[in-house]
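Be aware that the sequence shown starts at 8, since it is given in the numbering used here, and climbs by one per residue.
For the record, the hints were derived by calculation from the structure and aren't laboratory data. Being a predicted model, the structure only gives us computed values, none of them experimental. Certain hints may be false.
The calculated lysine-lysine pairs, modelled on PhoX-like cross-linking and capped at a C-alpha distance of 20 Å, are [claimed, not checked]:
1. Lys162 with Lys127
2. Lys191 with Lys340
3. Lys225 with Lys235
4. Lys172 with Lys117
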Amino acid sequence: MKKRILAFTLCLAIVFMFGACGKSETSSSSEVVATVNGEEITMDELQYFLIQAASQLKSAHADAETGEVPEDFWSTELEGEDGKTAAEVALETALDGVVEFHIYKIEADKLGLKLNDEDKENINSQKQSMIDSYGETMYEAQLKAAGFTEETFMKLMTLSAYSQKLYTNFTEGLDEETIAQESKEYFNENYLKAKHILISTQDAETGTPLDGEALEAKQKVVAEVQEKIKNGANFDDLIKEYGEDPGMEQSPEGYVFGEGEMVTEFYEGTKALEIGAISEPVTTSYGFHIIQRLELNDEDYASYEENVKNMVMSEKFVEQLEAYKKAADVKKKSAYKKIDVKAIMEQYKADYEEASAVIQEESAKMQEEAAQQQTEDEAAVPEGEGSEEAPAEEAPAEEAPAEEVPAEEAAPAEEKTEEAATE
8 MKKRILAFTL
18 CLAIVFMFGA
28 CGKSETSSSS
38 EVVATVNGEE
48 ITMDELQYFL
58 IQAASQLKSA
68 HADAETGEVP
78 EDFWSTELEG
88 EDGKTAAEVA
98 LETALDGVVE
108 FHIYKIEADK
118 LGLKLNDEDK
128 ENINSQKQSM
138 IDSYGETMYE
148 AQLKAAGFTE
158 ETFMKLMTLS
168 AYSQKLYTNF
178 TEGLDEETIA
188 QESKEYFNEN
198 YLKAKHILIS
208 TQDAETGTPL
218 DGEALEAKQK
228 VVAEVQEKIK
238 NGANFDDLIK
248 EYGEDPGMEQ
258 SPEGYVFGEG
268 EMVTEFYEGT
278 KALEIGAISE
288 PVTTSYGFHI
298 IQRLELNDED
308 YASYEENVKN
318 MVMSEKFVEQ
328 LEAYKKAADV
338 KKKSAYKKID
348 VKAIMEQYKA
358 DYEEASAVIQ
368 EESAKMQEEA
378 AQQQTEDEAA
388 VPEGEGSEEA
398 PAEEAPAEEA
408 PAEEVPAEEA
418 APAEEKTEEA
428 ATE
């Protein structure tokens with residue numbers, strides 16, 4: 008299954024985390040650069056997607072030390088792109104993204120799907136929450152860095168809202184039995200289950216890697232465990248005796264996980280095993296793992312069922328969107344050919360830096376005001392206030408003294424740490 012993130016899940020609030028776009032030196036924001044099925048796409052809409060695409064290309068080809076690309080990068084033909092320059096690739100990727108946003112509304116209109124008052128209120132409340140979170144000054148600074156007018160920002164928010172309408176309508180039309188079957192198949196093909204014996208190679212207090220004699224001692228433990236496995240020892244008993252992953256106590260039946268949920272070595276080590284087989288030691292930054300692969304069961308699937316079904320339905324929706332886009336009539340206008348990606352990126356960088364300065368200044372002011380308020384609040388508390396309250400150590404008479412609490416209840420629960428195999 009493709010790992011593409013649906014555009015309909017894109018939160019435009021990324022604009023407010025500096026993931027937006029700059030102003031074009033070559034086209035006005037309202038200039039029409041393309042049409043899709045007759046609907047106009049303006050420069051300011053395209054720019055949102057252009058900067059994302061251009062930034063990804065730049066990151067992939069940038070110098071490891073400086074983070075910059077050569078002066079002629081945007082006019083350079085990229086390998087594997089059929090002779091297209093970096094600028095052309097970025098523009099085509101951006102156009103594909105904005106076309107998809109417009110298709111949400113185009114296809115929703117065909118189905119008679121409209122935004123209701125609740126949808127519109129949700130859009131407005133998202134905008135207001137950003138203002139409330141950042142303040143008017145920072146909100147305006149971010150819009151400036153993004154190259155957005157508020158009108159354009161709200162337009163993209165509205166187009167995005169149609170995606171959920173379209174998605175809901177699409178998934179409601181899917182056959183439930185088919186989805187259930189495909190989801191179960193996907194789960195069995197893409198998820199693994201395993202137990203392991205972790206011999207940690209990290210210092211218990213500092214988390215730093217062990218070396219020298221300490222590491223050699225751990226390697227001897229690994230050899231000892233392997234010898235016991237060879238002689239037929241019970242794997243669960245060995246986990247209890249040697250295992251240093253607290254997560255195994257919380258999940259004695261084993262971990263269920265998909266790709267990316269565990270460190271790569273652990274995932275690949277498990278995947279390479281047959282059901283029931285036990286691995287040779289697998290080395291990760293956590294230590295040595297001796298893994299036993301287990302068979303997935305219905306109970307395992309039940310705990311993942313809803314998530315997997317949503318993944319399967321989302322993938323089908325992506326396929327439907329691709330079909331919509333393939334059938335769409337997209338026409339580029341003359342203004343599209345005049346877009347200067349290099350100039351846009353340079354302007355974006357300048358606007359980003361300007362907005363950053365404003366935001367840092369505003370943040371400093373907010374921190375200063377908060378500190379001042381705290382000082383004033385503390386000064387307003389009369390000296391000795393609260394002295395009449397019972398000291399924490401003096402428990403009310405009706406409460407049982409700490410020493411009378413049964414030992415098994417008084418003992419603090421062991422601190423749960425992250426499973427050593429997880430990332």
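The hints, checked one at a time:
no. : hint               : in the structure
1   : Lys162 with Lys127 : holds (11 Å)
2   : Lys191 with Lys340 : violated (47 Å)
3   : Lys225 with Lys235 : holds (16 Å)
4   : Lys172 with Lys117 : holds (12 Å)
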